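Trainee: Single-letter residue listing:
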Amino acid sequence: GAGVSQSPSNKVTEKGKDVELRCDPISGHTALYWYRQSLGQGLEFLIYFQGNSAPDKSGLPSDRFSAERTGGSVSTLTIQRTQQEDSAVYLCASSLDRFRLQETQYFGPGTRLLVL
Amino acid sequence: GQQLNQSPQSMFIQEGEDVSMNCTSSSIFNTWLWYKQDPGEGPVLLIALYKAGELTSNGRLTAQFGITRKDSFLNISASIPSDVGIYFCAGRSGSARQLTFGSGTQLTVLP
Numbered sequence: 001g002a003g004v005s006q007s008p009s010n011k012v013t014e015k016g017k018d019v020e021l022r023c024d025p026i027s028g029h030t031a032l033y034w035y036r037q038s039l040g041q042g043l044e045f046l047i048y049f050q051g052n053s054a055p056d057k058s059g060l061p062s063d064r065f066s067a068e069r070t071g072g073s074v075s076t077l078t079i080q081r082t083q084q085e086d087s088a089v090y091l092c093a094s095s096l097d098r099f100r101l102q103e104t105q106y107f108g109p110g111t112r113l114l115v116l
Numbered sequence: 001g002q003q004l005n006q007s008p009q010s011m012f013i014q015e016g017e018d019v020s021m022n023c024t025s026s027s028i029f030n031t032w033l034w035y036k037q038d039p040g041e042g043p044v045l046l047i048a049l050y051k052a053g054e055l056t057s058n059g060r061l062t063a064q065f066g067i068t069r070k071d072s073f074l075n076i077s078a079s080i081p082s083d084v085g086i087y088f089c090a091g092r093s094g095s096a097r098q099l100t101f102g103s104g105t106q107l108t109v110l111p
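Chains as they are written, first to last, in the working numbering: chain U, 1 to 116; chain P, 1 to 111.
Some chain U residues close to chain P (C-beta under 10 Å, calculated; not the full set):
#: 1; residue: Gln-6
#: 2; residue: Asp-56
#: 3; residue: Gly-110
Per the computed footprint, the stretches of chain P lying under chain U, defined by three or more beta-carbons under 8 Å from a beta-carbon of chain U, are:
#: 4; stretch: 40-47
#: 5; stretch: 93-104
FRET-style restraints, in silico, Cβ to Cβ:
#: 6; chain 1: U; residue 1: Gln-84; chain 2: P; residue 2: Leu-55; range: 39 to 47 Å
#: 7; chain 1: U; residue 1: Thr-104; chain 2: P; residue 2: Ala-52; range: 19 to 27 Å
#: 8; chain 1: U; residue 1: Glu-14; chain 2: P; residue 2: Gly-53; range: 50 to 58 Å
#: 9; chain 1: P; residue 1: Glu-17; chain 2: U; residue 2: Gln-84; range: 38 to 46 Å
#: 10; chain 1: U; residue 1: Ser-58; chain 2: P; residue 2: Asn-58; range: 26 to 34 Å
#: 11; chain 1: P; residue 1: Ser-20; chain 2: U; residue 2: Leu-116; range: 36 to 44 Å
If you are wondering where the hints come from, they were derived from the structure by calculation, not from laboratory data.
Keep in mind that this is a model prediction, so the values were computed, not measured.
Ideal Cβ placement from N, Cα and C applies to all residues, glycine included.
So that you can see chain P by itself, here it is in the shape it has in the complex (with noise of 0.2 Å):
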């Protein structure tokens, strides 16, 4: 089945710091997306990409749908504490309805 490798798996970085994480998946997809997931709580859509190449920002949030289709990458500018939470990428391929997730990256901010 489709699998999507998700890094680092966890991050610890100081308040005001940038970070980036990543996914690369084993087959093409059509749709990149990037949760955010709080202690107690389902995941929350940050950003959606659709298309190849495409690059979008939501705040301090950017996001790239790589050019092969098979990778994605998640940048936050300027870290905040309540940037702290468990962040996922998923990705829908061919006419799949259903989301196929990484496994998160544990994103720590510390004062």
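Bound-form chain U, shown alone (with noise of 0.2 Å):
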């Protein structure tokens, strides 16, 4: 079947601008996660969601950024006013069950924005 799809796969926006990234989690899986990846680094957690149960915002850098997660599938990722340092992979994941301890996140592809 399908794998978690993102969209766009790469996005250039000028500073000050507002960008929307899309996830497409895989069919069946209730947990929904952001992620961020800098340049040579590791992936950084921005926030996750279950279900219909509130969001883990726990992760967001400010409060520029934003997400939702309509009908408990497709999520979209808000960054408002961007600033340069917000250039990065931008990966969503997903998984089945949250309350399995053994659950597996899958990973898409990212979405790479460069703020000029």
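Starting from two chains that each stand alone, build the complex the way the hints lay out.
Mentor: What follows is the structure, given as structure tokens:
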């Protein structure tokens, strides 16, 4: 079946503009995660959603970052008033069941964001 | 916050050689995971470890969950060109669902 998909694959924007990044999780996966990967670094957790529960936003770096998950499926990560330090690869992952300790997170290919 | 120290940062090895990389944590983890990331792709899970002392193999890959629950290593035996990529350790502690990642090991296999 289809894996996690993300769009766009690349995004170039000007400083100060808003951007929206989209994630389509694997069908049936109830948990969805957003991570950020800066050049040469590991992944940094941003936010995750589980079913209809309130999202865990503890990793969002500032109030310019927000995310939604509509209908328990597709998620959109929005960055307002982008800054150059926002340039990174934004990765989305989904997993089957939050409450299983041995759940596996499956990652999408990422969106490469460049803020000029 | 939690930090994972992953080493080495990069490795250059000859095809056929074995390679080892490791991660240490400032806090106890209850899950250790090893991922590989190819250029332009998301990370792909290689091995998952859930118990202290656990040793798990996946083909030429072997990983162990340290007995102190603060470290893990990954070994790759008889390396081949397709092993090239960035290897990340990741861990999960307590009731957290999100993963904490190391900074990665860039592996280059020379013919």
